[in-house]
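Enquirer: One letter stands for each residue in the lines below.
Protein chains: 2
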Amino acid sequence: MAEEKLPTRAQDFSEWYNQLVIKAQLADYAPVRGCMVVRPYGWALWENIQQALDRRFKATGHQNVAFPMLIPRSFIDKEKSHVEGFSPELAVVTIGGGEELAEPLVIRPTSETIIGHMWSKWIQSYRDLPVLMNQWNSVVRWELRTKLFLRTLEFYWQEGHTAHATREEAEAETRQMLDIYADFAVNDAAIPVIPGRKSDAEKFAGAETTYSIEAMMGDGKALQSGTSHFLGQNFAQAFEVRYLDQTGQLQHCWTTSWGLSTRIIGAIIMVHGDDQGLVLPPKLAPYQAVIVPIFKTDEEKATVIEVARKIKADLAKSEIRVTLDEREGMSPGWKFNDWEMRGVPVRIELGPKDVAKQAAVLARRDRPGREGKISVALGDIVTSVASLLGEIQKSMHDRALAFRQANTHATASKDDLKTAVENGFASAFWCGSPDCEAAIKEETRATMRCIPMDQPADSGPCVYCAKPATSRAIFARAY
Amino acid sequence: MAEEKLPTRAQDFSEWYNQLVIKAQLADYAPVRGCMVVRPYGWALWENIQQALDRRFKATGHQNVAFPMLIPRSFIDKEKSHVEGFSPELAVVTIGGGEELAEPLVIRPTSETIIGHMWSKWIQSYRDLPVLMNQWNSVVRWELRTKLFLRTLEFYWQEGHTAHATREEAEAETRQMLDIYADFAVNDAAIPVIPGRKSDAEKFAGAETTYSIEAMMGDGKALQSGTSHFLGQNFAQAFEVRYLDQTGQLQHCWTTSWGLSTRIIGAIIMVHGDDQGLVLPPKLAPYQAVIVPIFKTDEEKATVIEVARKIKADLAKSEIRVTLDEREGMSPGWKFNDWEMRGVPVRIELGPKDVAKQAAVLARRDRPGREGKISVALGDIVTSVASLLGEIQKSMHDRALAFRQANTHATASKDDLKTAVENGFASAFWCGSPDCEAAIKEETRATMRCIPMDQPADSGPCVYCAKPATSRAIFARAY
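The listed protein sequences derive, respectively, from chains A and B.
First residue of the first sequence? That's 3 in this note's numbering, and the numbers climb one at a time after it.
First residue of the second sequence? That's 3 in this note's numbering, and the numbers climb one at a time after it.
Warning: the hint list may mix true and false statements.
As the list claims (entries may be wrong) - Simulated DEER-style distance windows between Cβ atoms: (1) Ala468(B) - Gly100(A): 37 to 43 angstroms; (2) Gly374(B) - Arg57(A): 30 to 36 angstroms; (3) Lys312(B) - Arg169(A): 36 to 42 angstroms.
Claimed, not checked - List time: in silico PhoX-like cross-link candidates among lysine-lysine, alpha-carbon distance up to 25 angstroms: (4) Lys337(B) - Lys60(A); (5) Lys312(B) - Lys60(A); (6) Lys7(B) - Lys60(A); (7) Lys375(A) - Lys359(A); (8) Lys123(A) - Lys60(B); (9) Lys60(B) - Lys285(A).
Since the hints were made in silico from the structure, they are not lab data.
Cβ atoms here follow ideal geometry from the backbone N, Cα and C, with glycine treated the same way.
Can you build the whole structure from these sequences, using the hints too?
Expert: Take a look at the structure:
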């Protein structure tokens, strides 16, 4: 709750984050190391994220499914890179119903293997393709260093899996889902992102190509916020996912997978939050507006509460997510702080004087203090709140974009790159060599985040080895 | 698919069920024994069920949350009956990240224990109560005999958990949720249910009282289709969930839990299905209507498809879930069978003659053959389909109710009871003794399903021991 202040972001960004997650009641630590409990406020935020994405998935023809969480251990071994990437992170069930299992089972770290296995049964002919599936679930990866929402043993996500007749179709799907993630991040989460391609060192275990959206957090570090993988025929070959083409030839499918997780909640916190707490984008906020009634006497209370309830009903009727804080025993000031901690985009202050002049005060969460306050007529309150929410949504994105631009530096030398990644992104020519990438990581703790899709048509010397390079890459320290 | 016919229900009800689940593409067998893959059509049905329930949960003040799937093994031991009930069914994780764990973890079989643990941190004062939570997830119970949807190692459900200051409030919550399940079953799933109280032998491991809704399947057997538990202070004591009351005294909370699972899909199949396949209630059906175009020449095809697409758009605009079957290479007759197998409530047949007279034929899935067909004017098609869907929904419920009534017998003797449970329910006075209950089970394989909430005010001799009894109970063989 809001009694104790957060450390400021400047003092200790990491501790500001940890305390904010707890105080805003988004999540809490579970009794098992590295696991997380998502509390009602955090889950309501996730449900809004789910809806915003699910709508886009269904509009592009994907159907939801549910594959089981338990996978035979041997499945993981069937794809060479996959087993290397995931073996060290597995949670293994060895006992079931009181007896030792003949074959150990793993809790899915991701579902390519079991889905490949089932597809080999379901897919026979070109008529069965494409297969466009998605599932909302949780997966388990035995992480050592954990942080709520950013990296936990169990985390919530969606994993999309598709199978296609041709390479081109699968590649187009991979790119389409990357675009959908970017569109969601920009338009719903108000987070500007850089869509791009990962290096071989950073790609998914089993992918031919991995794409990601990368966002800059409030401390200048990067957060990978969604990934889309072109899997080539790797899993189709490992699990014999084949189809008869129109000429009667047996062909392996081309597959993709793509995922976005509760990490995005970490991104929302770290991109938009301020020293008072969360600042939530209106499109995803569990409550878009909170009404705080202000009164001293019982008579004032009666008048104010009646009008407040009417405002609540009117806003709700227009599908604005609104709550009225009628809690007893807390002062309006305490409530202001509490809802600021929770990041509600618009606070509606209503006291006897406001009622007398048939008005209310709207206070913007993204602009604390007087600057963000306006008085509006009660008769206009629905349209005023609705248009303010739109303005806040846009303004949050624009501010985050300006911050990223201010903290992204085109760097031509190693020294410049080193300085740039101290508190932001470095954009630099990179020859594509894994050696340069590894050396930069070693010397600066910055990783190659992505090679942005959007590339100016120019070339220059690699920032590390000075050999000719045709692509700029983003380097940054990352979560 | 629909090429091969199902066995009839009369021939082999169990095999009819098993094949139908596969042929309608609701679900499939996973590679791990007893686990299930829910396919897109089955999951779309489950999503509609989720929405119908979630709406009711939220309207009664419940909030969704997510507690982790991994629970320390020792938690299960803290509540005496709970450990007895669940220990034999646990899936145990003993290895994580390549190392043996100091304390084994179990995959949740249900979440009372971990929720109790967290509540003991979160709940301090009467001001924090009631706590009204729900989560949609999957749980794992190591079942020996499994059947798709009815009993699988992993199954999908919602589990509600609430904490209250008083016994009365918790009991009222338990009953409220039972009513919500009954309302959902009757009004959305078109399944008449008997809400009632379970015996001590059949109650939840850790509950003081368990209530359930019981439904009669097409073979006269019972299926428990949702349960609501009054947990007393059992878990609050085991996990020290306490609050300071208004006088400053430390009190244990009173808690409840309640769940409804993918078993309800089994109920929908077995209550409504016929020898041609599924019959889905319109309120939950993934597709409420399917348009099957009929043509021979390319010219006919052009005309028919154009009109069919217009009908689809018009129905979709009125929020009727509709699909148009444009698959190439399958005859209309084949498509009719295929959609009958999948249980779509209304089929819209459209051929060149229909188009010529600006009409279409609506065929009801719940009344196969000519009897269920009507021709409607294209201009009225939206209202015709909408009103037909309402009629089907009602008629499906009424038919299931009539079936249950016809197969439920008031029985006054052991012999009558034995006969009644051969293919239906027996309603009989029961003295309440666990000995009579056990003896009946032993002799008839029928269990005491519930003591219905709705009891005529009379009394009579116990059907088994003839001692005076004041309540009638339902006995039946059950899934």
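Enquirer: Are the Cα positions of Lys375(A) and Lys359(A) separated by 25 angstroms at most?
Expert: 17 angstroms, holds
Enquirer: Take a quick look at whether Lys123(A) and Lys60(B) sit within 25 angstroms of each other, Cα to Cα.
Expert: Given pair Lys123(A), Lys60(B) is violated - Cα atoms ~40 angstroms apart, limit 25 angstroms.
Enquirer: Taking the Cβ atom of Lys312(B) and the Cβ atom of Arg169(A), is their distance within the range 36 to 42 angstroms?
Expert: The hinted range 36 to 42 angstroms holds for Lys312(B) and Arg169(A), with Cβ atoms some 37 angstroms apart.
Enquirer: Lys312(B) and Lys60(A) were given as a pair; does the straight-line alpha-carbon distance stay at or below 25 angstroms?
Expert: Status holds; Cα separation ~21 angstroms.
Enquirer: Would the hint linking Lys337(B) and Lys60(A) be met if the CA-CA limit is 25 angstroms?
Expert: 24 angstroms, holds
Enquirer: Using the beta carbons of Gly374(B) and Arg57(A), state whether their distance is inside 30 to 36 angstroms or not.
Expert: Once the Cβ atoms are compared, 35 angstroms apart, the range 30 to 36 angstroms for Arg57(A) and Gly374(B) holds.
Enquirer: Within a Cα-Cα threshold of 25 angstroms, do Lys7(B) and Lys60(A) meet the stated pairing?
Expert: 32 angstroms, violated
Enquirer: Given the proposed pairing of Lys60(B) with Lys285(A), does the C-alpha separation stay at or below 25 angstroms?
Expert: 20 angstroms, holds
Enquirer: Given a hinted range of 37 to 43 angstroms, is it respected by the beta-carbon distance of Ala468(B) and Gly100(A)?
Expert: 41 angstroms, holds
Of the numbered hints given earlier, the model fails hints 6 and 8; all others are met.
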